[in-house]
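I would like the entire structure built from these sequences, with the hints used as guidance.
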Amino acid sequence: MLKKLSIENYLFIEKTTLEFSPNLNVIIGESGVGKSMIVNILSIPLGFKPGSKVVGQWGKEAVINILFEVDGLKKNLHVAGIESSDECNTLEIRIIINKKMEFFINGEIASIKSVKILTELILDIHSQNNYSIFQEDQLGILNRFMSVEEKDVLNEFRIKFDEYSYLRSQLQDIERKIISEVDLDFYKFQMEEIKKINPQIDEDKTLFEELKNNKTKMNLVNKIQNIRLQLDETCSSGEKALIGLNYLYGEDESLKGLKERFEISLKDMDDVLWEFTRKEQQYSEVDETSIDNIEDRINILEDLKRKYRKSIEEIITYQHDMEQRLSSQDDYKHDIEKSRNHKLKIKSELDLIAEKLSSVRQIVADRVMHQMKIKLLDLKLGKTDLTASFIKKNEIDENGYDNFNFLIKVNVGSNFYQFDKLSGGETSRVMLALKAALMSASTINVYIFDEIDAGVSGDIAIKMGNVLKQMSVNKQLIIITHLPIIAVKADKLFKIEKTFIKESTVINVESVNTEKDKLEKLSLLLTEKPNNETIAYVKSLQ
Numbered sequence: 001m002l003k004k005l006s007i008e009n010y011l012f013i014e015k016t017t018l019e020f021s022p023n024l025n026v027i028i029g030e031s032g033v034g035k036s037m038i039v040n041i042l043s044i045p046l047g048f049k050p051g052s053k054v055v056g057q058w059g060k061e062a063v064i065n066i067l068f069e070v071d072g073l074k075k076n077l078h079v080a081g082i083e084s085s086d087e088c089n090t091l092e093i094r095i096i097i098n099k100k101m102e103f104f105i106n107g108e109i110a111s112i113k114s115v116k117i118l119t120e121l122i123l124d125i126h127s128q129n130n131y132s133i134f135q136e137d138q139l140g141i142l143n144r145f146m147s148v149e150e151k152d153v154l155n156e157f158r159i160k161f162d163e164y165s166y167l168r169s170q171l172q173d174i175e176r177k178i179i180s181e182v183d184l185d186f187y188k189f190q191m192e193e194i195k196k197i198n199p200q201i202d203e204d205k206t207l208f209e210e211l212k213n214n215k216t217k218m219n220l221v222n223k224i225q226n227i228r229l230q231l232d233e234t235c236s237s238g239e240k241a242l243i244g245l246n247y248l249y250g251e252d253e254s255l256k257g258l259k260e261r262f263e264i265s266l267k268d269m270d271d272v273l274w275e276f277t278r279k280e281q282q283y284s285e286v287d288e289t290s291i292d293n294i295e296d297r298i299n300i301l302e303d304l305k306r307k308y309r310k311s312i313e314e315i316i317t318y319q320h321d322m323e324q325r326l327s328s329q330d331d332y333k334h335d336i337e338k339s340r341n342h343k344l345k346i347k348s349e350l351d352l353i354a355e356k357l358s359s360v361r362q363i364v365a366d367r368v369m370h371q372m373k374i375k376l377l378d379l380k381l382g383k384t385d386l387t388a389s390f391i392k393k394n395e396i397d398e399n400g401y402d403n404f405n406f407l408i409k410v411n412v413g414s415n416f417y418q419f420d421k422l423s424g425g426e427t428s429r430v431m432l433a434l435k436a437a438l439m440s441a442s443t444i445n446v447y448i449f450d451e452i453d454a455g456v457s458g459d460i461a462i463k464m465g466n467v468l469k470q471m472s473v474n475k476q477l478i479i480i481t482h483l484p485i486i487a488v489k490a491d492k493l494f495k496i497e498k499t500f501i502k503e504s505t506v507i508n509v510e511s512v513n514t515e516k517d518k519l520e521k522l523s524l525l526l527t528e529k530p531n532n533e534t535i536a537y538v539k540s541l542q
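Residue numbering for the sequence shown follows the numbering used here, starting at 1 and increasing by one per position.
Worth flagging that the hints you see were computed from the coordinates, not collected in a lab.
Don't take each hint at face value.
[What the hints assert, rightly or not] In silico BS3-like cross-links for lysine-lysine, where the CA-CA straight-line distance does not exceed 30 Å:
#1 Lys-116 <-> Lys-60
#2 Lys-100 <-> Lys-49
#3 Lys-380 <-> Lys-539
#4 Lys-15 <-> Lys-4
#5 Lys-196 <-> Lys-305
#6 Lys-49 <-> Lys-3
#7 Lys-307 <-> Lys-196
#8 Lys-498 <-> Lys-100
#9 Lys-267 <-> Lys-217
#10 Lys-516 <-> Lys-463
#11 Lys-343 <-> Lys-393
#12 Lys-113 <-> Lys-60
#13 Lys-529 <-> Lys-502
#14 Lys-305 <-> Lys-212
#15 Lys-475 <-> Lys-151
#16 Lys-116 <-> Lys-3
#17 Lys-492 <-> Lys-475
#18 Lys-380 <-> Lys-356
#19 Lys-392 <-> Lys-373
#20 Lys-4 <-> Lys-539
#21 Lys-356 <-> Lys-373
#22 Lys-113 <-> Lys-74
#23 Lys-151 <-> Lys-4
#24 Lys-4 <-> Lys-60
Encoded structure:
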């Protein structure tokens, strides 16, 4: 049960604490005073996001403490992914809101996912004008109403469907590897083309570097040749000059020193010429033909890269993978045949379980409708008839073959229609009947109804109050209502009021503890000033 709710600095609430009865709790107040704020706060652990603007004027953060008493709490914590050795049944969810939200479970920081899973096992909230249960996959309603044995069939189906889904996915993966005859020829052509060119890892980079070096050498050879030719001419001229110098020396021996120096210089020039000749021979291995060959190979590789839109390394990898895939085609075909046979076998088993599950669902649907009809009779919809619409889908999915909806007709002689076609008052009563039916099979013990009585009044409201009171015998209910006819049934009454202090809005939550106060507060729902007559009327409603 929900024992206590403490709120600090949340919107217009400075600080308040609500302590609840284990049975029927009712929250009253004028329209717009903030009754639904309590529902919103209790919806936060279920995933509602209030935003940072809910932080009030009395501090930098809003703090919410929700205290539950939960039988089998340790098991619920395990379901939520939280391990605990504590056998205590007290659960405290603490929420701190500033720029972000932080959650704590019994003092330990927790994720919103864990908090949500845990709270869903404890608390069910019907918000104002929220009838999504009528539009949602109503198979979920049947699932919640199943007995242990019936849920075994559902679980058996889910396990078998998971196996079937895995096999189907596995088969699709293998089928994607099978190559068509047209593609097979194309891929073989590609492999022959790549094999013929035979690219090597980093070959293009190596060739570009080699081409660069060879062109550098060729350029150097040309320059050396030019210098060598000039030196050769210089040496030839020097030798002619030496002949003339020898002739002069024969006539004038004083030229001996000059002659010797000239001979030495000429010898040095011959040495330099020889070095240039040797260097030219060293680079002579590089010729135009070798450069042309490199450029031709580079062009072939570049064409290949452009054609496949891949690098050389990627082309080599592609070649390897495709050759492996081509060589594995026979294996794939064998695997497909094997997988298809296995899939057919599992599909046959799945179909049998799906048929069994459909039969179980029809039995459960009859049981839900029977329980709903009992409650609808109490709510003055005794002539209402219900039927279950099962339409078989063409393809099986995670829910089996069943498309399911409850259909209803409120008036004798009319056609059946879906719940979302009901009027406002009818919707409230049908929703309450459905909730009451589900409660009998649910492990959830705390139910919150925000104006479940919308669109009803008079005798119908009295009937609804009686049903809610009866429901609260086994489950804890928290009701927000405007109707004293319903509120008077409360085991615990809360009054929400809005006041204005120094140009600030403040919301107060008052726990009504005495019978006298209870009658006075409820009479305020009828008149601005309670009197003996209105108080007596409210008392007569009990």
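Could you work out which of the previously given hints the structure breaks and list their numbers from low to high? The structure conflicts with hints 18, 23, although it agrees with all the remaining ones.
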